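Here the structure of chain A is known, so what remains is to put chain X in place on it, guided by the hints.
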Amino acid sequence: MSDPVAGPHIRPPLSLPALMGQVVLATAPATLFSVWLYGWPAFNLLLITLATALAAEALCLRASGRSVRTNLGDGSAFVAGWILAMSLPPWAPWWIGVTGGLLAVIVGKGIFGGTGQNLFNPAMVARVGLLIAFPVEMTRWVEPAPLGSSEAPGFLEGLRVTFTGAADWDAISSATTLDATRAATQEGEPVMSGLPGDYEPIAALLGFTPGSLAEGSALLLALGGLYLIVRRVIPWEIPLVLLGTLALLSSIGHLLNPERYTDASVHLLSGSSLLAAFFIATDPTTSPATRAGRAVFAAGCAAVIWVVRTYGGYPEATAFAVLLMNAATPLIDHWIRPRVYGRTRRGLALPTEQEPR
Amino acid sequence: MLLNRPRLIRGGVRTEARKQPTADCPLEPVRPRGRLYLSLGQHIGRPALPVVTPGEPVARGQRIGRADGALSAHVHAPTSGRVAAITRHVAPHPSGLPVLTVVIEADGAGRWEDDLPEPFTGAAGQLPPRVIAERVADAGIVGLGGAAFPAAVKLDPEQPVTTLILNGGECEPYLTCDDRLMRERAAGLIDGAGLIAHALGAARIAVGIEDNKREAIHAVRHAAEKLDPRVEVTPVPSLWPQGSEKHLIYALTGREVPAGARAGDIGVVVHNVGTAYAVHRAIRHGHPLISRPVTVGGGAVAEPGNFEVPLGLPFQELLEHAGGLTEAPERVLAGGPMMGPVVSLEAAVAKGTNGVIALTADEVREAREHPCIRCGQCVDACPMGLMPFEIANRAARDDLDGAAAHGLMDCLTCGSCAYVCPAGRPLVQLMHYARGQRAEQAAAAERADLQRRLAEQRAERQRREAERKRAKAAARKQQRQTPASDGGKAPAQGQEASSDKQPSKDSADAPKTSATTNEEPPS
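Residue numbers (the numbering used here), protein chains in the order written: chain A, 1 to 357; chain X, 1001 to 1523.
It cannot be assumed that every hint is accurate.
Here are the in silico distance ranges between beta carbons for each label pair [as the list claims (entries may be wrong)]:
no., chain 1, residue 1, chain 2, residue 2, range
1, A, Gly165, X, Ala1405, 51 to 59 Å
2, A, Thr70, X, Asp1401, 28 to 36 Å
3, X, Ala1405, A, Arg62, 30 to 38 Å
4, A, Leu348, X, Gly1069, 30 to 38 Å
5, A, Ile111, X, Glu1158, 51 to 59 Å
Listed next, the in silico SDA-like pairs over lysine to any residue satisfying Cα-Cα at most 25 Å (straight line) [stated by the list, open to error]:
no., chain 1, residue 1, chain 2, residue 2
6, X, Lys1246, A, Pro351
7, X, Lys1246, X, Arg1010
8, X, Lys1246, A, Arg346
Which chain X residues face chain A? A few, computed with CB under 7 Å, are given here [unchecked claim]:
no., residue
9, Pro1258
10, Arg1365
11, Cys1372
12, Met1384
13, Tyr1419
Honestly, the hints are just simulated from the structure, not real lab data. Note that the structure is predicted; figures quoted are calculated from it, not measured. Where a beta carbon is used, it is the ideal one built from N, C-alpha and C, also for glycine.
With the rest of the complex left out, here is chain A:
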């Protein structure tokens, strides 16, 4: 049965699939750059993860009795798979992509009731699940070897890396910036000196540092994020407050004790800070619905990221931070609401005698 017709009878040309399309478009430059940087294995991993996510979504839709044809196209599963692939180690084997795709869509979204019903960010559920279950594969980073360069594997070699693993991991694996700072902290050395000799903010900005599939290129991620803000696809509060809080906390630490705490550039440009700020924490379903709520949410994410990176057992923390704050979202939405016109903050009617506001 169709709904009864009511106003508004005109709408701007904005729809859910179009929103999801914009997100993919905005992340495409960073992703494609990384595919170029890490070669065929990265391409294979992206494709496998996306295909698994879509298949899992079709399965969930069928199981819940909804039309696969009309709902698969809403793009939410595609985006979940895409974001997950971006946060995986680029040379991860095929079964990491498959397991991750299934975890993201089925555990992260499907069992909650599908699009719009999930409490946790699906991609981050999968990432954390994989990190705990397969710590070795999930922390095996490789040096960038751009397509066409002599070190880059060819297409067949890429298939072999994806499906049977690399011949000699020791020869190609490398540590990320955050791994290095953590190791230095554990050994009691000055943290900035623990950075790899070639650490340069410029390299991190461009993405030529080891990292997950597409979290590397800070510049391209930031450009994509700004595009989404301009197009009003994502709210500006989350990236601004998240990155601002992270910069503030790390700067305070670094000022107080530069030997122990890394500076803001390391925190902002390394790991998945930018990916989280623009594309993960901004997931509409799992973030608060009010401006003020979103600011609280983003500040919380940043605080958790900084604390775990600085004091915690894992070098990288964005996934944990986002999931933790996802859990707090219903509470934030319960407590932080806009004031209703004609009412006080507590919901009582305003007095008739009032000063102009």
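For chain X alone, coordinates are given in the frame of chain A:
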């Protein structure tokens, strides 16, 4: 002065204005021809009562319907002719339900009624306020912004009024008839404002006009400077729903109408600019409300424009005045596309009709419905500070108390939320649905309560009756035991007893009554 800087309202949406095709079309008078269908329910409140009979000749401006009750309004003949019928005709309402309608066959002469009220030419201050309200009521004037609330009721305030606000917001896309009225009839508008302000005793007169109507602002300012320097003209942001009474009050006074209260409670009265002009016509010319400005627009209309339309003109004929339709419209609306209801082409122009908009399928651009993703765009857009998705999601699963707790009754149903919703959720429909369900529940609860009270009252009545009978029987017994009393009293007592029985006969099931009757000892 700070008063001339409007406050920015919360939320709202910047819709595509789509006013260009008609904004430059002057109001073109439409001559009544053929049949006019004058609904007797063109206002909120009870329909007027017909005071003419079929076959009777009528003159232009003659009263044909008498107001029935406080929130009702008179209806007048827009032209001279003959009453062809008094029948039921489809109303300009989404239900399409018929309302009692006086059908007038126009004779084309346009002969005015002889005993129209005498035009008043003196200064507004010379008329007693009560007379202004009476003459506005006699002229059948209602709010012309669309709400169709009888204007005279708003001229007779319960609280002292300090501020009169004229609403020149016209924030609905497509509509430009108020814009044209302000440009072309600014002097009459300012005069009407002065009359209303005098009736209210309001010291401040503020006109709020959206800043996309430069020429209207200029025209009204110019007229105000010449005629009534008290009138402040304030441009307000072009934003939906800036023309909402509550939001215009906030923009111009910085004060909010408390929840559950009316504008009058904070000393403010808002009238549409068209209403002010109609008041001017009624008092300066003695003319009742028999025509109004209407915008005819939308992509399916050949020559969109603005018209001064006699009330009762069927939409179909009005569209022909605008060159007819170029294609079958997807929807025809009475009013603008944000809140205007879908109507039948057979329905006729009423006092609250500010536009007839025929939209093509391209313009409607119906969104496919997806699940709510909680993105919060509706929260940012809501001018009332509500969280629409929270209300709608509760309404969708019939959690009416939850919906009410999240502000269902504060909602204006302005549709800002639905306009921005990327998932195409039927938010406005869900609000209407939840309100309807709640009203029904409240009515059912009231009925149940009434039934319970009646049952209790009946039981109480029966108990009292039984007691009385028992007491009487006891008295009689006592009487028999004392034979000294006079015999004349006994039949009177019997009569009393039988009349006492009367109420218990009403109740169908009265086992208790019969039981007590049985207990009654035979006399």
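Each hint tested on the structure:
| no. | hint | in the structure |
| --- | --- | --- |
| 1 | Gly165/A - Ala1405/X: 51 to 59 Å | holds, 57 Å |
| 2 | Thr70/A - Asp1401/X: 28 to 36 Å | holds, 33 Å |
| 3 | Ala1405/X - Arg62/A: 30 to 38 Å | holds, 36 Å |
| 4 | Leu348/A - Gly1069/X: 30 to 38 Å | holds, 33 Å |
| 5 | Ile111/A - Glu1158/X: 51 to 59 Å | holds, 58 Å |
| 6 | Lys1246/X - Pro351/A | holds, 15 Å |
| 7 | Lys1246/X - Arg1010/X | holds, 12 Å |
| 8 | Lys1246/X - Arg346/A | holds, 20 Å |
| 9 | Pro1258 | holds, 4 Å |
| 10 | Arg1365 | holds, 5 Å |
| 11 | Cys1372 | holds, 5 Å |
| 12 | Met1384 | holds, 5 Å |
| 13 | Tyr1419 | holds, 5 Å |
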